[in-house]
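Protein chains in written order, with UniProt numbering: chain B, 1 to 432; chain A, 1 to 177.
One should not assume that every hint holds.
Listed next, the in silico DMTMM-like pairs over lysine to aspartate or glutamate satisfying Cα-Cα at most 20 Å (straight line) [claimed, not checked]:
#, chain 1, residue 1, chain 2, residue 2
1, A, K46, B, D287
2, A, K27, B, E381
3, A, K165, A, E149
4, B, K69, B, D91
Here are the computed distance ranges between Cβ atoms for each label pair [as the list claims (entries may be wrong)]:
#, chain 1, residue 1, chain 2, residue 2, range
5, A, D137, B, G48, 39 to 45 Å
6, A, D137, B, Q183, 56 to 62 Å
7, A, V32, B, R256, 56 to 62 Å
Since the hints were made in silico from the structure, they are not lab data. Glycine included, each C-beta is placed from N, C-alpha and C at the ideal position.
Here is what each chain is made of, one letter per residue.
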Amino acid sequence: MGQTIAEKIFAAHLRDEPFPGTRVLDLDRVLCHEITTPVAIADLQWRGKDRVFDPDKIKAVIDHVTPAKDSKTAIQAKMLRDWARRHELKDFFDVGRNGVCHAIFPEKGFIRPGFTVIMGDSHTCTHGAFGAFAAGVGTTDLEVGILKGVCAFREPKTIRINLNGQLPEGVYAKDVILFVIGQLGVNGATDRVIEFHGPVIEAMSMESRMTLCNMAIEAGGTCGICPPDAVTVDYLWPFIAEEFTDRDAALADYSRWLPDADAEYDKVLDFDLSALQPHVTFDYKPDCVKPVKEMAGTRVDQVYIGSCTNGRIEDLRVAAGILKGRRIADSVRGIVSPATPQIFRQAMDEGIMDVFMDAGFCVTNPTCGACLGMSNGVLAEGEVCASTTNRNFNGRMGKGGMVHLMSPATAAATAVTGVITDARALLKETAA
Amino acid sequence: MSRKQFGGPALLLDRSDINTDEIIPAKYLTEVTKEALRPYMLEDLKLEGFDPASAEAREARVVVSRENFGCGSSREHAPWVFEVNGVHTIIAESYARIFRQNMFNGGMLAIELSRQDIDRIFDLRRLGAVEVRVDVDAQRVVASAAGHELGFDFEVSPFDKALVKAGGWVEFADARY
Numbered sequence: 001m002g003q004t005i006a007e008k009i010f011a012a013h014l015r016d017e018p019f020p021g022t023r024v025l026d027l028d029r030v031l032c033h034e035i036t037t038p039v040a041i042a043d044l045q046w047r048g049k050d051r052v053f054d055p056d057k058i059k060a061v062i063d064h065v066t067p068a069k070d071s072k073t074a075i076q077a078k079m080l081r082d083w084a085r086r087h088e089l090k091d092f093f094d095v096g097r098n099g100v101c102h103a104i105f106p107e108k109g110f111i112r113p114g115f116t117v118i119m120g121d122s123h124t125c126t127h128g129a130f131g132a133f134a135a136g137v138g139t140t141d142l143e144v145g146i147l148k149g150v151c152a153f154r155e156p157k158t159i160r161i162n163l164n165g166q167l168p169e170g171v172y173a174k175d176v177i178l179f180v181i182g183q184l185g186v187n188g189a190t191d192r193v194i195e196f197h198g199p200v201i202e203a204m205s206m207e208s209r210m211t212l213c214n215m216a217i218e219a220g221g222t223c224g225i226c227p228p229d230a231v232t233v234d235y236l237w238p239f240i241a242e243e244f245t246d247r248d249a250a251l252a253d254y255s256r257w258l259p260d261a262d263a264e265y266d267k268v269l270d271f272d273l274s275a276l277q278p279h280v281t282f283d284y285k286p287d288c289v290k291p292v293k294e295m296a297g298t299r300v301d302q303v304y305i306g307s308c309t310n311g312r313i314e315d316l317r318v319a320a321g322i323l324k325g326r327r328i329a330d331s332v333r334g335i336v337s338p339a340t341p342q343i344f345r346q347a348m349d350e351g352i353m354d355v356f357m358d359a360g361f362c363v364t365n366p367t368c369g370a371c372l373g374m375s376n377g378v379l380a381e382g383e384v385c386a387s388t389t390n391r392n393f394n395g396r397m398g399k400g401g402m403v404h405l406m407s408p409a410t411a412a413a414t415a416v417t418g419v420i421t422d423a424r425a426l427l428k429e430t431a432a
Numbered sequence: 001m002s003r004k005q006f007g008g009p010a011l012l013l014d015r016s017d018i019n020t021d022e023i024i025p026a027k028y029l030t031e032v033t034k035e036a037l038r039p040y041m042l043e044d045l046k047l048e049g050f051d052p053a054s055a056e057a058r059e060a061r062v063v064v065s066r067e068n069f070g071c072g073s074s075r076e077h078a079p080w081v082f083e084v085n086g087v088h089t090i091i092a093e094s095y096a097r098i099f100r101q102n103m104f105n106g107g108m109l110a111i112e113l114s115r116q117d118i119d120r121i122f123d124l125r126r127l128g129a130v131e132v133r134v135d136v137d138a139q140r141v142v143a144s145a146a147g148h149e150l151g152f153d154f155e156v157s158p159f160d161k162a163l164v165k166a167g168g169w170v171e172f173a174d175a176r177y
């Protein structure tokens, strides 16, 4: 019987099967940030086991609240910083070099096809965009990962989603994943890996694939996975050029992770996206989605562009394309947070930051901050935010606040008008 | 860590998809000890009539709920806020993967029962306060109210049961790897 991508990765990393159905895997990457790691560090110290299994495979970043906003967040940052130094981690990103974890780790070339990756962060599923098995875990799994380099999982079942057709102009990866979550429901993929296939994926950049895989968890998925292809190789080439004679050789090597033709899936879903509309969420669950036109006219107080979902250069380019020559509505606060320093610099070099600032946006440093209501754009009771992030839970961006999730294009158009707006109308004006 | 105590007065939360942000809002994730989370359990839960400061909520040792309990963030602060409030047993129709594993990884119980069984526990509440007893070895839960008892067998994977017996995943993994 053939294997799925996840089954191949599991087979190649199997350390132990302590009980039927429980797979303990060797880990290629254990990723750490300052919110979920300090308790693991403190517990290891308390147990007299303050060790790391491999300082080259563990990567750490301060990203959720940075620079520190108060004494408590300063202590969290310090615990991670001291630990990273104590164990001589090869890669640790502190203030000035830090960015949102699921943007900066791939940007540094740390994620490769076939890798096993864990992090104490639910959006770790993002890294499946590279053909890796990447799962969010709690602090205890993280702690064991740091100490032993292993993590336990149930046998993975996989839902295959074929995304057929061609995305219409003005419709993006974020619209695709919001639509897919709406179809699956918030627990439609629980304990499942989602494998994405089809011409829509093949035509996507790595940035778009990361946006797609980032939200697999919002359908309950353990990981979203895209098959590695030439786009993956091109993205990784600066990091792998010395490992392979040429790109074809890299592609041939990575192709061993592709699913077998007779792989057995838990479920196969086909969607033709040729007529997909831009989507947006309503209410407090990410599967509450509607076409933007059905929510058009909804007043917002704040527009937030950033996060591990949509804070990459491609996202900023799309938003700037709509904002160029326009100003945001007086009733709206616009906030943009490039996800990494490299993205920030690139956006400055391309004039994108001028566009945002001319439009009236506040530009903040790379951080998770506002997405989970910790800093840099927390909502007041009763306020509404149009956001390119990934969660619209009650209170997510601030107690009593409402979050509407959408693409950077929809967010930019909404900033201009002050109400939820289909960006395609503005794109047409720009073209005319 | 040794094996925990299970069972006690139950808090019944009649809603699906209760998420980790509702169990423990992100603004409290700046704490670096589990104990500091204690006052904030279920602070942002959106459920009509629910008051996190009520005696029923504060005295609960078991939570009974619906589908997809603990969805959202990977934050182990969600099981921890239950743990430091003495809630070591959750009973629900289904769980989000990370939350369920976090419970067992901490040596606690995330028990799954069918919708029909959960309905019957909710029905018990009409008789009075619901109390739950748990026998981990026999894999049996008994819910009672005003002298009426209902018993349910539950499934738990051998791995998860081993974690509960070991007191958690760190203990298990440290002894084995």
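Keeping to a limit of 20 Å between CA atoms, is the pair of A/K46 and B/D287 held or broken? holds, 17 Å
Is B/K69 within 20 Å of B/D91, Cα to Cα? Roughly 24 Å separates the two Cα atoms, so the pair is violated.
Measuring from beta carbon to beta carbon, are A/D137 and B/Q183 in 56 to 62 Å? Check failed, 42 Å falls outside 56 to 62 Å.
Does the Cβ distance between A/V32 and B/R256 fall inside 56 to 62 Å? Given a distance of about 42 Å, which is not inside 56 to 62 Å, the answer is violated.
Taking 39 to 45 Å as the stated bounds, is the beta-carbon spacing between A/D137 and B/G48 within them? violated, 31 Å
Has the given pair, A/K165 with A/E149, been kept, meaning a C-alpha gap of at most 20 Å? Answer violated: A/K165 to A/E149 is near 27 Å, above 20 Å.
Does the structure keep A/K27 and B/E381 at a Cα separation of 20 Å or less? holds, 15 Å
Figure legend: structure checked against the earlier numbered hints; hints not met, in rising order: 3, 4, 5, 6, 7.
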